[in-house]
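Chemist: Sequence order for the protein chains is A and Y.
Those letters in the first sequence? Residues 49 to 538, by the numbering used here.
Those letters in the second sequence? Residues 49 to 538, by the numbering used here.
Derived from the structure by calculation, the hints contain no laboratory data.
Incorrect hints may appear among the rest.
Identical copies go unnamed one by one, so any copy, or any two together, can satisfy a pair.
Taking lysine to aspartate or glutamate pairs in the DMTMM-like style, the calculated list, with each CA pair at most 20 Å apart, reads [as the list claims (entries may be wrong)]:
id, residue 1, residue 2
1, K479, E286
2, K509, D143
3, K167, E489
4, K274, E293
5, K476, E324
6, K458, D207
7, K475, D207
8, K267, E454
9, K450, D207
10, K84, E125
11, K458, D340
12, K254, E276
13, K81, D403
14, K504, D225
15, K109, E98
Residue-level listing of the chains:
Number of protein chains: 2
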Amino acid sequence: MASGSGVVEEVAKLIEVKAQRQSDEGKHKFVLKTPKGTRDYNPKQMAIREKVFSTIIGCFKRHGAETIDTPVFELKETLTGKYGEDSKLIYDLKDQGGELLSLRYDLTVPFARYLAMNKITNIKRYHIAKVYRRDNPAMTRGRYREFYQCDFDIAGKYDPMIPDAECVKIMHEILTDLQLGDFLIKVNDRRILDGIFAVCGVPDSKFRTICSSVDKLDKTLWEDVKNEMVGEKGLAPEAADQIGEYVRLNGGMALVEQLLQDPQLSQNKLALEGLEDIKMLFQYLRLFGVTDHVSFDLSLARGLDYYTGVIYEAVLLQNQGEVQFQQQNDHAEESVGVGSVAGGGRYDELVGMFDAKGRKVPCVGLSIGIERIFSLMEQKVQASEEKVRTTETQVLVAAAQKRLLEERLKLISELWDSGIQAEMLYKKNPKLLNQLQYCEETGIPLVAIIGEQELKDGVVKLRVVSTREEVDVSRRNLVEEIKKRSGQSS
Amino acid sequence: MASGSGVVEEVAKLIEVKAQRQSDEGKHKFVLKTPKGTRDYNPKQMAIREKVFSTIIGCFKRHGAETIDTPVFELKETLTGKYGEDSKLIYDLKDQGGELLSLRYDLTVPFARYLAMNKITNIKRYHIAKVYRRDNPAMTRGRYREFYQCDFDIAGKYDPMIPDAECVKIMHEILTDLQLGDFLIKVNDRRILDGIFAVCGVPDSKFRTICSSVDKLDKTLWEDVKNEMVGEKGLAPEAADQIGEYVRLNGGMALVEQLLQDPQLSQNKLALEGLEDIKMLFQYLRLFGVTDHVSFDLSLARGLDYYTGVIYEAVLLQNQGEVQFQQQNDHAEESVGVGSVAGGGRYDELVGMFDAKGRKVPCVGLSIGIERIFSLMEQKVQASEEKVRTTETQVLVAAAQKRLLEERLKLISELWDSGIQAEMLYKKNPKLLNQLQYCEETGIPLVAIIGEQELKDGVVKLRVVSTREEVDVSRRNLVEEIKKRSGQSS
Chain A
49 MASGSGVVEE
59 VAKLIEVKAQ
69 RQSDEGKHKF
79 VLKTPKGTRD
89 YNPKQMAIRE
99 KVFSTIIGCF
109 KRHGAETIDT
119 PVFELKETLT
129 GKYGEDSKLI
139 YDLKDQGGEL
149 LSLRYDLTVP
159 FARYLAMNKI
169 TNIKRYHIAK
179 VYRRDNPAMT
189 RGRYREFYQC
199 DFDIAGKYDP
209 MIPDAECVKI
219 MHEILTDLQL
229 GDFLIKVNDR
239 RILDGIFAVC
249 GVPDSKFRTI
259 CSSVDKLDKT
269 LWEDVKNEMV
279 GEKGLAPEAA
289 DQIGEYVRLN
299 GGMALVEQLL
309 QDPQLSQNKL
319 ALEGLEDIKM
329 LFQYLRLFGV
339 TDHVSFDLSL
349 ARGLDYYTGV
359 IYEAVLLQNQ
369 GEVQFQQQND
379 HAEESVGVGS
389 VAGGGRYDEL
399 VGMFDAKGRK
409 VPCVGLSIGI
419 ERIFSLMEQK
429 VQASEEKVRT
439 TETQVLVAAA
449 QKRLLEERLK
459 LISELWDSGI
469 QAEMLYKKNP
479 KLLNQLQYCE
489 ETGIPLVAII
499 GEQELKDGVV
509 KLRVVSTREE
519 VDVSRRNLVE
529 EIKKRSGQSS
Chain Y
49 MASGSGVVEE
59 VAKLIEVKAQ
69 RQSDEGKHKF
79 VLKTPKGTRD
89 YNPKQMAIRE
99 KVFSTIIGCF
109 KRHGAETIDT
119 PVFELKETLT
129 GKYGEDSKLI
139 YDLKDQGGEL
149 LSLRYDLTVP
159 FARYLAMNKI
169 TNIKRYHIAK
179 VYRRDNPAMT
189 RGRYREFYQC
199 DFDIAGKYDP
209 MIPDAECVKI
219 MHEILTDLQL
229 GDFLIKVNDR
239 RILDGIFAVC
249 GVPDSKFRTI
259 CSSVDKLDKT
269 LWEDVKNEMV
279 GEKGLAPEAA
289 DQIGEYVRLN
299 GGMALVEQLL
309 QDPQLSQNKL
319 ALEGLEDIKM
329 LFQYLRLFGV
339 TDHVSFDLSL
349 ARGLDYYTGV
359 IYEAVLLQNQ
369 GEVQFQQQND
379 HAEESVGVGS
389 VAGGGRYDEL
399 VGMFDAKGRK
409 VPCVGLSIGI
419 ERIFSLMEQK
429 VQASEEKVRT
439 TETQVLVAAA
449 QKRLLEERLK
459 LISELWDSGI
469 QAEMLYKKNP
479 KLLNQLQYCE
489 ETGIPLVAII
499 GEQELKDGVV
509 KLRVVSTREE
519 VDVSRRNLVE
529 EIKKRSGQSS
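Work the whole structure out from these sequences, hints included.
Modeler: This is the structure we're talking about:
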């Protein structure tokens, strides 16, 4: 027994030693990575991102929008029952005592919660923030688990199709301003789809799930979508075939007129309402001069459950940049069509779901998917070999000799206090050459050089990095001179 | 038996009916709130927030910083062992299969992870983003569970105290630019504290926990801090008393000189290094002209484990706005002193913790705590009754008569396409009075009115809302005229 117990103790000790050793080894054995499906942005990427944001925000402000912000997480129950089959992709927080929380899946549901909570019935707002989906990431294609959405929404009871047309116009403006090449905005209406399902004999209870199948048509062949409808979802093959006839149609105003005459569809109240609204939408879009980029496409379904009327989606068309982009992807993704970069639609019931008395606030909005646009812009910048500056520094404060740290500190402080963007090297006695090289590397256009002579004369030698031109500027005029040369009004 | 089973069935049915009823009732019974310790920002609050951000970013850019971004969550192990006693406040995500994740607790640890991961040895960057702490919220005082940090850090091996002094200068500039009233920047050095602990006889193993106690001195009386050191942490009372003598000292350069002569402290290598550096820091800060707002304060300890050298913290001093602010708080918080709005310090070991070979990248940085500043700014705006515009709309496109929707759509489209910020009412036939009222309410300065006569004459009636002055402008010159009146160069 004593010896047996000795063995047990020995083993326990060995296990402990081993654990200790592992933990010692583990000390510097971090997995150095960001979580799956996420990325850091380095300064160059940030410079591109800020340019894209400023274009988008510029457009949203041009249309008179305010902005709001909401927390990154919501009460879990706020998100429950809003996303249909996609709900499984929501990130939950660990129950650490207190409320059950989930990361926001989009900005639309938090917006609806915000409206209901504050009893707001009219607002035009934009919101740019990150959202979270535990989806299968495909990062080379710009599909991430953490990604930005840029949302613009109009809430309020208004005359039909005026705000809806503005949303399409905004997508058109942004895609034009970003210069991403040719694009197409597909539009459809949930009521037309529901009408089609009805006249094709789909039972009411299957509308949403059949709609989800139709949504896959941009990435999947009709045959496979039909198999899903019939095999998985139990639809009669004839009904599926009939749906197939409709959802493969696309065109412009002529198609709207044709369907308004369709003997079956025109008998369906919902479809008729949808078609009349699409007709009005096209009329307004014609006045906005954007119909050349808009297509009435009956295969457009949009994934989310909450849409109730007009829906739209913008896709980039295959172009030079796109071909390059496709080639970078792994084979599995090569066959997939050009992805959508923006989408949205009307959701008249969502706010009511949050209101105790079910009071409705009709809404229509759009969302720009930024990550894919970033990927394209990054490639464009790389291809052009254009040099992207990541700072705005106007001038480097430099010393020509040793022992001038105190003088540099005094001068740079004067410049900062006058609003000049200035840097200096964090060395007591840097070499002039190193100081000039730093400017070349980082793109700083000016150098303010002090030496013993300059200090005696009360001047600073101002050097233009690109031309190597040097001029003595009196200390008193230095700020004004730098502002003048930076094209700033002083 | 049969009758007994009948009862069971009856009860089961009743329970089911009750559950059904509850779930029906529950349908519209959302708890309409944001998670504990979080808030929405409405458009007015966003306007203030953006003003504060633009001041801060302006200062960071003036000092030549680039910017980066990191994901909102990190691998859990990335955050482990970095925050000492505060680690319990970290939000974990639910294990849904895959990696274990936590929401970031600050921006410093993700920054260190970013540097190590990308083998970056030199960078000056800012990062403005939300961080998450499951702390006890006190929202009226601007203490939230989700809050912004505005971080500026300088990484790289440089000559001592030059980057450190710049960080203090930046805090000084930002607090001056934000016009929040008088403020004080306390500075200290972890090595001085550790030296004090050593000469007072604190065992090495207790340095960090005794440091945590000292950190409470800004909110707690010395007697209570001493009790914690002695009672909870087992320090000898004489050691505590001796610490008490030191940590209650504060002053300027004279105090530094005095402590350099202190018979005990001057014998401690760490303390001596710290004191020499503080002396150098004060010399540089004098050249920057900011010493009048800086105090060498031996009670300053900072909570986080990772600091290794100079530390600093900025507090707002009691002033008019502050008194008001205090009165709004509930009684329990009334006695608490004025909170800190910015802080930071040197952390030379953190990046090395992520490097497989332990390679160090010395860092120094600062963080501005924005929520408290927002609260103060919001009050300031409310008190001043200054009207905050939440949109930038320059002109409303209005109709003088009915049946002009199409003409309004055409005109507004022209304006948008020319870069004019324009709105219209989303009604087919709005009354002119309602259109003018909308401008009054939202602060839109101009109205472009079309009527049948104007259309015939090829003009638009441009009305200045504030003066009611009206002038006919030819359609061709409208864009230029609006830009001119908005002070935009055309």
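Chemist: Now tell me if each hint is right for this structure.
Modeler: We went through each hint and held it up to the structure:
1. K479 - E286: Neither, since 83 Å and 53 Å both go past 20 Å.
2. K509 - D143: For K509 and D143, the Cα distance exceeds 20 Å both inside one copy (63 Å) and across copies (61 Å).
3. K167 - E489: Answer is between; shortest inter-copy Cα gap is 19 Å, intra-copy 54 Å.
4. K274 - E293: Classified as within: same-chain Cα gap 12 Å, cross-chain 83 Å, threshold 20 Å.
5. K476 - E324: Between copies, since 16 Å is at most 20 Å while 75 Å is not.
6. K458 - D207: For K458 and D207, the Cα distance is within 20 Å only across copies (17 Å; inside one copy 63 Å).
7. K475 - D207: between (66 Å within a copy, 5 Å between copies)
8. K267 - E454: Close neither inside one copy (65 Å) nor across copies (38 Å); limit 20 Å.
9. K450 - D207: between (74 Å within a copy, 14 Å between copies)
10. K84 - E125: between (26 Å within a copy, 14 Å between copies)
11. K458 - D340: between (61 Å within a copy, 16 Å between copies)
12. K254 - E276: within (13 Å within a copy, 66 Å between copies)
13. K81 - D403: between (43 Å within a copy, 12 Å between copies)
14. K504 - D225: Intra 53 Å, inter 33 Å, cutoff 20 Å: neither.
15. K109 - E98: both (16 Å within a copy, 14 Å between copies)
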